[in-house]
Each structure stands twice: as structure tokens, then as C-alpha cells.
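Start from the sequences, fold in the hints, and give me the full structure.
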Amino acid sequence: PFWLKRYRIKLLLPPQAGRPASHLRQQCVRQMLFCIADVHCRVMWWMAPLLLYLLSAVASAAPEAPVLRGNHRRELSATSASTPRFDRSVLGNFRNNRNVSTTGQLSLSRSNAMIATISIGTPPQEMRCLIDSGSSDLWVPSKRCKSCDNERHFHADKSSTFVPQTKHTRYGERPVAVHVGYGSGDIVGYAAQDTVSIGMVQLPNQSFIIVEDAALPPHRTWDGICGLGWMQMASAGKPLYKHLQDTGGKAIFGLVPTSESAAFITVGSSEAHSSCKPGTLVWTKAETLGPNGQRSFWVTTGGIAIHKKIPVKSRFLVDTGTTFLLVPPQVFSSLVRSVFPAAVFDEMCGVDPSAGNLVVCDCSVTSADGMLPLRVALGGREFSLPVEKLFKRVQASDGGQELCLLQMQQNPMTS
Numbered sequence: 086p087f088w089l090k091r092y093r094i095k096l097l098l099p100p101q102a103g104r105p106a107s108h109l110r111q112q113c114v115r116q117m118l119f120c121i122a123d124v125h126c127r128v129m130w131w132m133a134p135l136l137l138y139l140l141s142a143v144a145s146a147a148p149e150a151p152v153l154r155g156n157h158r159r160e161l162s163a164t165s166a167s168t169p170r171f172d173r174s175v176l177g178n179f180r181n182n183r184n185v186s187t188t189g190q191l192s193l194s195r196s197n198a199m200i201a202t203i204s205i206g207t208p209p210q211e212m213r214c215l216i217d218s219g220s221s222d223l224w225v226p227s228k229r230c231k232s233c234d235n236e237r238h239f240h241a242d243k244s245s246t247f248v249p250q251t252k253h254t255r256y257g258e259r260p261v262a263v264h265v266g267y268g269s270g271d272i273v274g275y276a277a278q279d280t281v282s283i284g285m286v287q288l289p290n291q292s293f294i295i296v297e298d299a300a301l302p303p304h305r306t307w308d309g310i311c312g313l314g315w316m317q318m319a320s321a322g323k324p325l326y327k328h329l330q331d332t333g334g335k336a337i338f339g340l341v342p343t344s345e346s347a348a349f350i351t352v353g354s355s356e357a358h359s360s361c362k363p364g365t366l367v368w369t370k371a372e373t374l375g376p377n378g379q380r381s382f383w384v385t386t387g388g389i390a391i392h393k394k395i396p397v398k399s400r401f402l403v404d405t406g407t408t409f410l411l412v413p414p415q416v417f418s419s420l421v422r423s424v425f426p427a428a429v430f431d432e433m434c435g436v437d438p439s440a441g442n443l444v445v446c447d448c449s450v451t452s453a454d455g456m457l458p459l460r461v462a463l464g465g466r467e468f469s470l471p472v473e474k475l476f477k478r479v480q481a482s483d484g485g486q487e488l489c490l491l492q493m494q495q496n497p498m499t500s
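Plus 85 on top of the position in the sequence shown (first one is 1) and you've got the numbering used here.
Accuracy of the hints is not assured; some may be wrong.
Straight-line alpha carbon distances no greater than 20 Å define the calculated SDA-like cross-link-like pairs of lysine to any residue that follow [to be verified]:
| hint | residue 1 | residue 2 |
| --- | --- | --- |
| 1 | Lys327 | Glu372 |
| 2 | Lys362 | Lys477 |
| 3 | Lys477 | Pro342 |
| 4 | Lys323 | Thr251 |
| 5 | Lys398 | Trp368 |
The hints are simulated quantities; they were obtained by calculation from the structure and are not laboratory data.
Nothing here was measured: the structure is a model prediction, and the numbers come from that model.
Structure below.
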């Protein structure tokens, strides 16, 4: 890249970056549903209408404070990545398999995930960014990335504020190579800093990754990822929330759905609170994950109930980049068979190996007698998810009537 020439650096790629994108090491780092914040996390509805606040203690003001001007709102849009067509003949293939376990790798689409338009550099270059609380890094594709499959790429040579991160070695200054693995692929690039703007919030010297090689699902409608996870998961400098916190701004991100297909994000502002229906917003405490006592993913404790009056205690991981409720395989069978009446699930649903081993059903199940809502307890309150919200209508491969994709799937990251 042009910016390496400033330092007269010979480009030395790590082992992963030397491989073609199709052979990059696949890493599973997360999925499933969570919720967090530095102090607390505000939760309204836990799946479709979701309001998440990342609240961090405000540090004392520092140089290069974020520029906050006017409206801090930025409209979000849903990804329109194509959903596979499903095979109607698989319905009923659970009759002889009471354990409801898939035999292949589960493939999860990011369709309907939320994306925001951000800008990077001086003058600003617009990028479409997937909002992802399941990771912590901000990255965008370089103009040199041939495997990124994007319409838009970041041109570092056109930004007067772009600064590559380097490290001193016995061979002199070298760029900082970064590899990040996701459940759906990998990216390889270099750590850098530049001015990043989200709506009217401007962050000078924001850390990010400029990606040179990628192995990701094709036909994406987003260019990069804006990670909202904790510092412990970051691979390249300070995440967005940490930068806001350290420069004296309010480290608050609000994701507010306004309809089935529209939403907005607020940054550094509590404006989202006024958009909530009174009485629907609760607090739930952010929790640590793992033995080291640090926060990584968004985690909180709540409960799930279907038949029982008192919800069963459960831990949730909230991931804005995943649109399914992912359930550990060992409890998936008992959970879905609690929602469905006896024999209905076995007769009217099936797992489709040709569509990523997802569970799909005949749409008549939504009106079957005895179907029960899923109740989720968070922050001392129960939220009821109606039966119709447990399914998404999808196209059938035979061109006939639509099928219904179950929005509860087995978590491929756990055993």
C-alpha cells in the first residue's frame, strides 16, 4: 500500500495473510443472543424490536475530544442479502429423529441485520457498516482487497488524516498486521487510525482495520463491520465505545427499531429513550464471561418460560449481527417441543441440508391449536414473543406456497 512507502517498509505478511482468501483459517468466535453495558444495558424487546444501550462511565476530558454537533441520530437499514429457497420435501423428517440434531454445519444468514452509513477519512469516504455487538473491531475494505466483493472500498491515499500503526522491530518500523476470525469467515489487514464519523459524531484518530484480504459470505450489502463489543475482544486499538469514553464523550449507542424494516442508531446521546413506549424499557446488569472477571461479549442473566409460571434461569448473549435465537443443541429439542403441540413439530417441520441445515416449517403451524408464546424475563419483567414472531416467511424451491423459517435454531458454536 502507498502508506507503507512513507516508511520505506518491506511488506511482510503473517502466515494467514499469505494464503488465498478461500483458505483462510475459519474461526468461531460467537453467535447466540446477548446484552451488556459498562454499567447496565437497557433492553426493550429482546429479538426483533431491540433497544440496546452501551453505557460507560464518562472519563475526564482529553485532547482530541469527539465533535458532537446537532442531531446524533443516524438511520439504519436492513441488509437485503438473499435468503435461500427451502425444500418442501424435508417437512416431516423429524419423525424418526426425536433428538432434532442436524448432521451438517449450520449456515446462518445476516439478512435483516442492521447496517449504518459511516464515513472515514478527510475528505470523508462513505462506507456501509454492519452494526455488530458480537465483535469489537471496526474494519473497512482497502482498495487493494480483490477478495472483498464490495462496491465501495477505502482509499487510504485520498485521506490526509490517515495514519498507519507501526511497531518497531530489529528490521525497523513494520506495519501491524491483524487477523480477525468470525463465525462466517475471516479478514486480514493492517491496523490504522483516521477520522470516523457516525451521523454528526466525529471521532478523530479512531482505530480501525484496513482489510487487504477476506474470506466472507458473498453478495453482502455492507462493506465493513462496526464492532460494539468490549475492549477485551478488540484486535486493533480502541473500539468505538472506548474512544468515546476516553475522550470525554458519553459512550452510549442506541439501536431503535421504528418498524419491521426500519430503525435508527444514536451515538453519544440518550435521545433513543424518548422513542420507547412508556413502561416497555427495563434495566439489566452487564455481566462478565469467563474466569478472568472481564467483559467480552454482551451477557446478562434472565429467564425463559413457556408452560411454567416461573421462568427458568438462563444466560443470554445479545448479538446485533445475528437475527436468530440460537439455542444450545442439548436443550433445543425440549424447547421447541414445548412451544409446539404434540406431534405438530415432527409432522410439519424439518431440517433442510440444502439451505444450511436450518429448520423450516409449513406455515400452517402458526395457527395450530395449542401453539404457545415464548416468554423471556429480563430486568424483572416478562416479554412475550407471539407465535407469529417465531417464524419468517421464505420462498420454497418448488415455487409453491411460502414456507416458514423457524427463528429459533441450534447454536453451531456450542455442544
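These are the hints, each one checked on the structure:
1. Among the hinted pairs, Lys327 with Glu372 is consistent with the structure: their alpha-carbon atoms are about 18 Å apart, no more than 20 Å.
2. Simply put, Lys362 and Lys477 have alpha-carbon atoms about 25 Å apart, too far for the 20 Å limit, and the pair is violated.
3. A hinted pair counts as satisfied when its Cα atoms are at most 20 Å apart, and Lys477 with Pro342 qualifies at roughly 17 Å.
4. Between Lys323 and Thr251 the CA atoms are separated by roughly 15 Å; this keeps the pair inside 20 Å, and the hint holds.
5. A C-alpha spacing of about 17 Å is found between Lys398 and Trp368, which places the hinted pair at or below 20 Å, so the restraint holds.
Against the hints set out earlier in the document, a violation occurs for number 2 only.
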